[in-house]
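Engineer: The sequence shown begins at 109 in the working numbering and counts up one residue at a time.
Incorrect hints may have been included.
Stated by the list, open to error - Straight-line C-alpha distance at most 25 Å; calculated SDA-like pairs for lysine to any residue: (1) K320 <-> S282; (2) K329 <-> V208; (3) K238 <-> N288; (4) K141 <-> Q122; (5) K320 <-> S182; (6) K165 <-> E140; (7) K117 <-> L283; (8) K127 <-> L234; (9) K155 <-> S113; (10) K125 <-> L244; (11) K165 <-> S113; (12) K165 <-> T188; (13) K170 <-> L244; (14) K320 <-> R290; (15) K279 <-> A293; (16) K212 <-> H261; (17) K125 <-> P199; (18) K238 <-> H261; (19) K212 <-> V284; (20) K320 <-> S301; (21) K329 <-> H261; (22) K141 <-> V114; (23) K116 <-> S243; (24) K127 <-> N111; (25) K170 <-> V258; (26) K312 <-> E274; (27) K165 <-> G184; (28) K309 <-> T259; (29) K312 <-> A330; (30) K170 <-> A297; (31) K170 <-> R254; (32) K279 <-> T188; (33) K145 <-> T209.
Source of the hints: derived by calculation from the structure; they are not laboratory data. Bear in mind that the values here come from a model prediction, so they are computed numbers and not experimental data.
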Amino acid sequence: MSNLSVLKKCALFQGLKEKEITKLVTCLGAREKSFQKGEYLYLAGDKCLPAIVLSGKVQLIKESLFGTATIAASLGVADTFGEALTSTIDPTLPANVYAVTDCKVLFLSRTDALLCPCKNVCPEHLTFLKNMITSLAERNKFLMRRLGQVTQHTLREKIASYLSEERTRQKSNSLVIPHNRRELAEYLAVDRSALSAELSKMQKEGLITYEKNRFTLLNAKAFPDEE
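Using the sequences provided together with the hints, build the complete structure.
Structural biologist: So, in structure tokens, the structure goes:
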């Protein structure tokens with residue numbers, strides 16, 4: 109399978125050998141589909157299959173009744189979406205899934221087999237289920253951090269919270285964030301012009317330096333570690 113190198117990096121397949129991954133994706137009815145930049149994979153309200161991003165970049169976008177958009181999550185190679193919906197009463201998406209670039213996605217169509225081991229109770233399927241539970245727990249932690257970011261009282265606090273998390277994730281004060289300025293404004297649910305103005309103030313005050321999506325954090329006290 110040509111996608112094995114990507115699937116080995118996916119959280120759902122951690123600890124599994126190549127033969128076990130190949131067996132599992134067959135069991136789970138995996139099918140690959142390509143999307144062009146700007147195309148919607150799903151719209152809010154659609155029923156969604158669990159999926160793994162094989163190439164490119166995908167975003168989950170929540171649109172308001174007034175036409176404004178907030179980026180709920182940005183997903184790259186080996187990231188997953190939709191797996192949490194397999195265990196809910198209503199398996200419909202609360203957000204749009206949008207192709208930021210040309211991308212390929214692997215959909216797991218056998219949702220009946222996703223949560224229930226086969227009759228042979230294969231060890232690889234049990235490992236997959238354990239990985240899925242861990243992945244859902246990590247997703248819950250991510251959502252709690254996102255809630256913490258967007259509910260900060262000031263724009264500067266939102267920026268600091270986001271950059272602090274990225275520093276923790278990248279283990280460095282020199283960061284390359286996955287968003288351009290428009291996307292970052294949508295991710296933090298703030299006005300783009302106000303965001304640019306605040307970033308400029310923070311740079312003048314010696315807190316950060318930045319160029320496009322590259323940031324350096326200069327003052328540790330301004331960016332407390334995220335819990």
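Engineer: Determine for every hint whether it applies to the structure shown.
Structural biologist: Tested hints:
no., hint, result
1, K320 <-> S282, "holds (13 Å)"
2, K329 <-> V208, "violated (34 Å)"
3, K238 <-> N288, "violated (35 Å)"
4, K141 <-> Q122, "holds (23 Å)"
5, K320 <-> S182, "holds (17 Å)"
6, K165 <-> E140, "holds (15 Å)"
7, K117 <-> L283, "holds (22 Å)"
8, K127 <-> L234, "holds (15 Å)"
9, K155 <-> S113, "violated (28 Å)"
10, K125 <-> L244, "holds (22 Å)"
11, K165 <-> S113, "holds (17 Å)"
12, K165 <-> T188, "holds (11 Å)"
13, K170 <-> L244, "holds (20 Å)"
14, K320 <-> R290, "holds (11 Å)"
15, K279 <-> A293, "holds (23 Å)"
16, K212 <-> H261, "violated (38 Å)"
17, K125 <-> P199, "violated (30 Å)"
18, K238 <-> H261, "violated (37 Å)"
19, K212 <-> V284, "holds (23 Å)"
20, K320 <-> S301, "holds (15 Å)"
21, K329 <-> H261, "holds (18 Å)"
22, K141 <-> V114, "holds (15 Å)"
23, K116 <-> S243, "holds (15 Å)"
24, K127 <-> N111, "holds (13 Å)"
25, K170 <-> V258, "holds (13 Å)"
26, K312 <-> E274, "holds (21 Å)"
27, K165 <-> G184, "holds (5 Å)"
28, K309 <-> T259, "holds (21 Å)"
29, K312 <-> A330, "holds (14 Å)"
30, K170 <-> A297, "holds (10 Å)"
31, K170 <-> R254, "holds (13 Å)"
32, K279 <-> T188, "holds (22 Å)"
33, K145 <-> T209, "holds (4 Å)"
Hints 2, 3, 9, 16, 17 and 18, counting from the list given before, are not met by this structure.
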